[in-house]
Amino acid sequence: MMHAFETLQLAQLAFPAEMNNSVLAPYLFVSAAMFCIGLIGFMTRKNMIIMFLCTELMFQAAGLSLIAFGRHHLGSDGQTFVIFVLTVAAAEAAMALALVVLLFRHRESLSASAWKELNG
Amino acid sequence: MMTASILSSFTSFVSPAMVSDASGDHGGNASAHLANMVEHVGIGPKWVLLIVFLPLLGFVLNAIYAATSNKTKLPAWTTIALLAASFIATLAMFLSYEGTPYTVHAFDWFNLHYGDKSFVANFSFYVDKLTILWMLFVTGLATLIALYASEYMSHDIGAGYCRFFAAFGLFVFSMSCLVMGDNMLMLYLGWEGVGLCSYLLIGYFYKKPSAVAAAKKAFIVNRIGDLGLALGIYLTFVHFGTIQYAELFANETLHNYINAAAVGDFSGIPGEAQWIALLLMIGAFGKSAQFPLYVWLPDAMEGPTPVSALIHAATMVTAGVYLIARFYPVFLISENALPIVAWIGTITAFLAATIGMAQFDIKRIMAYSTVSQLGYMFAALGMLSTTGAAFHVLTHAFFKALLFLACGAVMHGFAGQLDLRKLSGVAWMKGWGIVGVTMLIGCMNLAGLPYITSGFYSKDMILAEAFITPGYRLIGWILVITAIMTAYYTFRVFFRVFLGEQHAEPGEDFHGDDKSDFHPHAPGWAVNTVLITLATCSMLAISLAYIDKAEHHGWVGSMVAESTASFHSPYAGAVYAAHGGGELHAVAGPVGHAAPGTVLGMDAHKGMILVSGLGAIFGVFVAAYFHGPKGWQGLFVGGRTEAGKCRMDAVAKRMGPIPRMAENKWYVDEFYAMVLVTPLRVIAHVFHWIDKLLLDGLVNLVGFLPRVFAWIIRPSQSGVLQGYAVSMVGGLAILLFVVLVVVMRAGGVA
Numbered sequence: 273m274m275h276a277f278e279t280l281q282l283a284q285l286a287f288p289a290e291m292n293n294s295v296l297a298p299y300l301f302v303s304a305a306m307f308c309i310g311l312i313g314f315m316t317r318k319n320m321i322i323m324f325l326c327t328e329l330m331f332q333a334a335g336l337s338l339i340a341f342g343r344h345h346l347g348s349d350g351q352t353f354v355i356f357v358l359t360v361a362a363a364e365a366a367m368a369l370a371l372v373v374l375l376f377r378h379r380e381s382l383s384a385s386a387w388k389e390l391n392g
Numbered sequence: 005m006m007t008a009s010i011l012s013s014f015t016s017f018v019s020p021a022m023v024s025d026a027s028g029d030h031g032g033n034a035s036a037h038l039a040n041m042v043e044h045v046g047i048g049p050k051w052v053l054l055i056v057f058l059p060l061l062g063f064v065l066n067a068i069y070a071a072t073s074n075k076t077k078l079p080a081w082t083t084i085a086l087l088a089a090s091f092i093a094t095l096a097m098f099l100s101y102e103g104t105p106y107t108v109h110a111f112d113w114f115n116l117h118y119g120d121k122s123f124v125a126n127f128s129f130y131v132d133k134l135t136i137l138w139m140l141f142v143t144g145l146a147t148l149i150a151l152y153a154s155e156y157m158s159h160d161i162g163a164g165y166c167r168f169f170a171a172f173g174l175f176v177f178s179m180s181c182l183v184m185g186d187n188m189l190m191l192y193l194g195w196e197g198v199g200l201c202s203y204l205l206i207g208y209f210y211k212k213p214s215a216v217a218a219a220k221k222a223f224i225v226n227r228i229g230d231l232g233l234a235l236g237i238y239l240t241f242v243h244f245g246t247i248q249y250a251e252l253f254a255n256e257t258l259h260n261y262i263n264a265a266a267v268g269d270f271s272g273i274p275g276e277a278q279w280i281a282l283l284l285m286i287g288a289f290g291k292s293a294q295f296p297l298y299v300w301l302p303d304a305m306e307g308p309t310p311v312s313a314l315i316h317a318a319t320m321v322t323a324g325v326y327l328i329a330r331f332y333p334v335f336l337i338s339e340n341a342l343p344i345v346a347w348i349g350t351i352t353a354f355l356a357a358t359i360g361m362a363q364f365d366i367k368r369i370m371a372y373s374t375v376s377q378l379g380y381m382f383a384a385l386g387m388l389s390t391t392g393a394a395f396h397v398l399t400h401a402f403f404k405a406l407l408f409l410a411c412g413a414v415m416h417g418f419a420g421q422l423d424l425r426k427l428s429g430v431a432w433m434k435g436w437g438i439v440g441v442t443m444l445i446g447c448m449n450l451a452g453l454p455y456i457t458s459g460f461y462s463k464d465m466i467l468a469e470a471f472i473t474p475g476y477r478l479i480g481w482i483l484v485i486t487a488i489m490t491a492y493y494t495f496r497v498f499f500r501v502f503l504g505e506q507h508a509e510p511g512e513d514f515h516g517d518d519k520s521d522f523h524p525h526a527p528g529w530a531v532n533t534v535l536i537t538l539a540t541c542s543m544l545a546i547s548l549a550y551i552d553k554a555e556h557h558g559w560v561g562s563m564v565a566e567s568t569a570s571f572h573s574p575y576a577g578a579v580y581a582a583h584g585g586g587e588l589h590a591v592a593g594p595v596g597h598a599a600p601g602t603v604l605g606m607d608a609h610k611g612m613i614l615v616s617g618l619g620a621i622f623g624v625f626v627a628a629y630f631h632g633p634k635g636w637q638g639l640f641v642g643g644r645t646e647a648g649k650c651r652m653d654a655v656a657k658r659m660g661p662i663p664r665m666a667e668n669k670w671y672v673d674e675f676y677a678m679v680l681v682t683p684l685r686v687i688a689h690v691f692h693w694i695d696k697l698l699l700d701g702l703v704n705l706v707g708f709l710p711r712v713f714a715w716i717i718r719p720s721q722s723g724v725l726q727g728y729a730v731s732m733v734g735g736l737a738i739l740l741f742v743v744l745v746v747v748m749r750a751g752g753v754a
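Residue numbers (my numbering), protein chains in the order written: chain P, 273 to 392; chain S, 5 to 754.
Hints are computed from structural coordinates only; laboratory data are not their basis. It should be emphasised that the depicted structure is a prediction, and the values quoted were computed from it without experimental measurement. Backbone N, C-alpha and C define an ideal beta-carbon position, used for all residues, glycine too. Treat the hints with care, since some could be wrong.
[Unchecked claim] Below, a sample of chain P positions facing chain S; criterion: calculated Cβ distance under 7 Å:
| no. | residue |
| --- | --- |
| 1 | 313 |
| 2 | 314 |
| 3 | 315 |
| 4 | 359 |
| 5 | 388 |
| 6 | 390 |
| 7 | 392 |
[To be verified] Just the calculated beta-carbon pair ranges, DEER-fashion:
| no. | chain 1 | residue 1 | chain 2 | residue 2 | range |
| --- | --- | --- | --- | --- | --- |
| 8 | S | 689 | P | 387 | 52 to 62 Å |
| 9 | P | 387 | S | 747 | 16 to 26 Å |
| 10 | S | 742 | P | 374 | 30 to 40 Å |
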């Protein structure tokens, strides 16, 4: 059985050095950019498939920053979490696309504004 | 002040008697007799249960007949057969009674034990001679009246007939529970049961608004009394720890109280124990129609006549007398209860008689005479004469049932006609002879004609008691005057309706017959048989006054003496012994100037026979003078000029408003309406609107606020998906901003 100290030493063998802040920053910039693109796309587009893709983009942006932080702290939590997020995203994609197909069949349109009468 | 002098009657009378009795056969202890009574309560034979449960079976069978739409007289015959069997079982109970009280257990009901205490009230029955006395006339009269009703109710064969006899059976069951129960809870069960049956049967003609109103009135007025009874039972349990008769009357505390009361020392008896009797008394006043709760009984005449005869004359209304007689030991320990009972009884007797004199509806007259006679019974109870009360209950049960049934026969034969101004000479009509003769016997008994009627003996016993028991002389004279009034109003009915020229205007109740083709139909064999039997019983009851006369003042006295109602304590023994010798004066000497126990200088009983006998004859003579048939004018009496007119009319005119006020029942109902009903109704309306506006308003407001809030924020649900996204992001931004500010304030990111 290996002690926690030995585990840390092994990790340092695989990843010779901790990422310092200057290495971490580009990852986070990319992640933030992806998230903002997704967010803006979600808010501005009316095509339901595009909107759905934008949400996926935001998902992946969040996942990227999780992995970057995980690497930064030399932990495996971030990566584990991202695997769960991917799984949930896959399941959600299956559901959401099926819903989009159904909605399309009703209105012959992919526009979200076709369902405007679902108001309060 | 008055009460105080009456109180002294009990106390001052008892103490010397105690002394004289110490060497006698009563053991020198006021409660010894009672202790003997309940010392060896045995276990009775199970067949006694038949008396109670056969009438219940009648109720069940009649319900089944109703469900199967029976259209025959089967309900009547079933009920008669079962009630007759119940009566035979009662006779067997009477004949096999061996002198010791016993209980019969049907099944466990309440059997709770906690700590060293317990609350036990089983479905069990207690049999002593008081029970037997009551059950004999309850089941006997129920059988006879069911036979009468089989003919009387025959216009309603079908659902109504079944309903009538079902309620009839349930009534007899409830009455049996009331009389035979071995604990106060059984008594209460029966008490409420008879109240329910009374309600159901008064409202039998439920399509008639006046009958429905009368039924409700009877039920509601009785509730006031029932509250008193319920509280009395509660207090009994709280104070004595038991509500079972055998345990209660053997209770040592109770015996200590009785012994203290017997020497006039009420100071050691807690007020709580004294209140029991006062509360039970209120219950008795409600059920037995005593002032001020008597108003329901005259209205109860809206029910079919057999019901009036059985429930509202012979049996149920005597439940109050039974209650007081049964709990006499409890009444003895209360300083005020018995004097109040005596005075209320007297006031009721007099008041009801004055109203009865001015009524024109013959059933109402009989109803007021019932109230009046019940007043006599209560007066007797209050004057320490349970024997007189029980004897009067018995004779009254016979002759008043007879009078009601005879009136019912007239009502039935003349299409519901009850106005004595519109009927005349009925006794001379073809087929009405038996009704006429039996009615005469009933009237003689109610009037109390000397020596030839049983009503005379029982009333005489009560009147004499008023002069024997010191402090009650005023009551005695009021009751004598009431007796004269009774004779007058009774024979007023008889002379006007049954004698004189034949004349009859039918009523409004034709049962579908053609009005123009009306002819009175004379009663059939069932009605005549019952009338003859009751008249015979009324006459035979005279002999009861002579059985055991020397020892117990009649057969009823011997029955009462062997029960908890016995007032055979040293006090009474001394009084009766004193009749022979001069001891009475020694006993009662200090009480007043006039030696008690005398009337006009004679022995009370002998004097009363003279006074009340002559009074009754005088009353009949007055009735004959004003209302006698025209043919008698040669004999100075005979005041009637034609069927509906009489000498009284002119006299009544000269009496100013008094006859009209009496006819309108002294406006007591109007007074109650003004003082009680109207204020309650106003309060009910006020609460109704408070409920409607304030409470409902608050509840509705709670429902209304979320709707207003929703109406305000609803436009934000635009249906535009991007809008939702923007608001989500905006919300997130605000949240982030707040978090950042908080973190900065807290010292920034480390």
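(request) Against the structure, test the hints numbered earlier, and report the numbers of the ones violated in rising order. (result) 1, 4 and 9
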